[in-house]
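K.L.:
Can you make the complete structure from the sequences, with help from the hints?
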Amino acid sequence: MRTYEVFLKPDGRDGFRHVGSIEAANDELALVMARENYVRRAEGSRLWLVDRTQIVIGDEDFLAPNADKPHRHNDGRMVADRRRRLREDRK
Amino acid sequence: MTVLSESASEYLLAFADDEHLMGQRYTEWIGVAPFLEEDLALASIGQDELGHALMLYAIVAGDDDATIDQLALLRDVDDYRSSWLVEADLPNWEHALIRHWLYDAAEELRWGLVDESTVPGLADVAKRAAQEELYHRRHADALVNALLGVPKSAERLEVALTEVLPLALGLFEAVDGEAEAVTEGVAKAPFHSQRAVWETRVVQRFARIHPGQYTAPDQDRRRRRSPDFAPLMARMREVYDLDPLAVW
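Taken in sequence, the protein lines are chains A and B. Going by our numbering, the letters in the first sequence line up with residues 1 to 91, in that order. Going by our numbering, the letters in the second sequence line up with residues 92 to 339, in that order.
Treat the hints as calculated values from the structure; they're not laboratory data. Hints may contain errors.
[Claimed, not checked] Label-pair distances were calculated between CB atoms; the ranges are:
1. B:Leu333 <-> A:Ser21: 35 to 43 Å
2. A:Gln54 <-> B:Pro318: 49 to 57 Å
3. B:Asp215 <-> A:Ala42: 13 to 21 Å
4. B:Pro308 <-> A:Arg13: 57 to 65 Å
5. A:Ala42 <-> B:Trp339: 21 to 29 Å
6. B:Gln295 <-> A:Arg52: 31 to 39 Å
7. B:Pro125 <-> A:Lys69: 48 to 56 Å
8. B:Leu165 <-> A:Glu43: 30 to 38 Å
9. A:Asp11 <-> B:Pro318: 44 to 52 Å
All values reported here derive from a predicted model rather than from experimental measurement. Note that beta-carbon positions come from the ideal geometry of N, C-alpha and C, so glycine has one too.
P.N.:
Structure, rendered in structure tokens:
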């Protein structure tokens, strides 16, 4: 059996969303099973199945160093703080 | 409301009874199918078949709920027209799968008989059901295809096919009033007209494990129910029979 990750796209502008996974012996069986298990009540109008072994994975260790770089976040707070300080200095 | 002729009713009831009991048979796999995904798929397919039965009974009953219940569950045993294939208590999963394949192959053809019917509403039901059958067929075919590739599974399918195939021929037996129903435009042709096409498809699909010659028991669906019918109907009526006067 292979494991497939199931993605559904609802009508309209929303993109594909991961909704779960499914086990099946081959692609065709995965399709018919996914249809009953995930789209029985018209939850989506398009379906993607991705064989789990085909997924390229970036794990937590790989991503962690980027979690601590506030200087890359341009939320304007540093500039605002600096301006506030300058304004107060001028008083 | 149009009142259906006796022959039209007989023809549609035979069709509806097959759909009804087949739907029931699928639902019996809830919770015990070989794997979770299949459990849900079979229950869902069963629901489709029960839906088809309901739509057919509704045409015969003129949309009256009490009459629909009466037709579906409360007729005398002798008044049912189901085929022995759908009545049969089959022992194993592979039997159920073979029945699924054989029945839906026949059902897909059947809807083609009534998709231009003169009976009001029937053509629409036929078109909708035919869409669903495409998927049912694909489901059964995908499973059979995968299992035929595994020698041990293919052996089990072969045993099941040899046992179930003769029963399936009952689907093509004539029902009362069929000739008149065809003349009236209820259906394009009698059930038996599709047997050759169906058998060709069965041979193509199961080529390697097809038993070759086989003969059907004389089912006479107009008059005789198989031994499995009464217990099946008793189960279906179990709750109703507790208190027939209860209002739901």
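K.L.:
Now look at each hint and say whether the structure bears it out.
P.N.:
Tested hints:
1. B:Leu333 <-> A:Ser21: 35 to 43 Å: 42 Å, holds
2. A:Gln54 <-> B:Pro318: 49 to 57 Å: For Pro318 (chain B) against Gln54 (chain A), whose Cβ atoms are near 51 Å apart, the range 49 to 57 Å holds.
3. B:Asp215 <-> A:Ala42: 13 to 21 Å: About 19 Å separates the Cβ atoms of Asp215 (chain B) and Ala42 (chain A), which means 13 to 21 Å holds.
4. B:Pro308 <-> A:Arg13: 57 to 65 Å: The hint (57 to 65 Å, Cβ to Cβ) holds, given that Pro308 (chain B) and Arg13 (chain A) are roughly 59 Å apart.
5. A:Ala42 <-> B:Trp339: 21 to 29 Å: This hint holds: roughly 27 Å between Cβ atoms.
6. B:Gln295 <-> A:Arg52: 31 to 39 Å: For Gln295 (chain B) and Arg52 (chain A) the Cβ distance comes to about 34 Å; the hint holds.
7. B:Pro125 <-> A:Lys69: 48 to 56 Å: This hint holds: roughly 51 Å between Cβ atoms.
8. B:Leu165 <-> A:Glu43: 30 to 38 Å: This hint holds: roughly 37 Å between Cβ atoms.
9. A:Asp11 <-> B:Pro318: 44 to 52 Å: Holds - the Cβ-Cβ distance for Asp11 (chain A) and Pro318 (chain B), about 50 Å, lies within 44 to 52 Å.
Of the numbered hints listed earlier, not one is contradicted by the structure.
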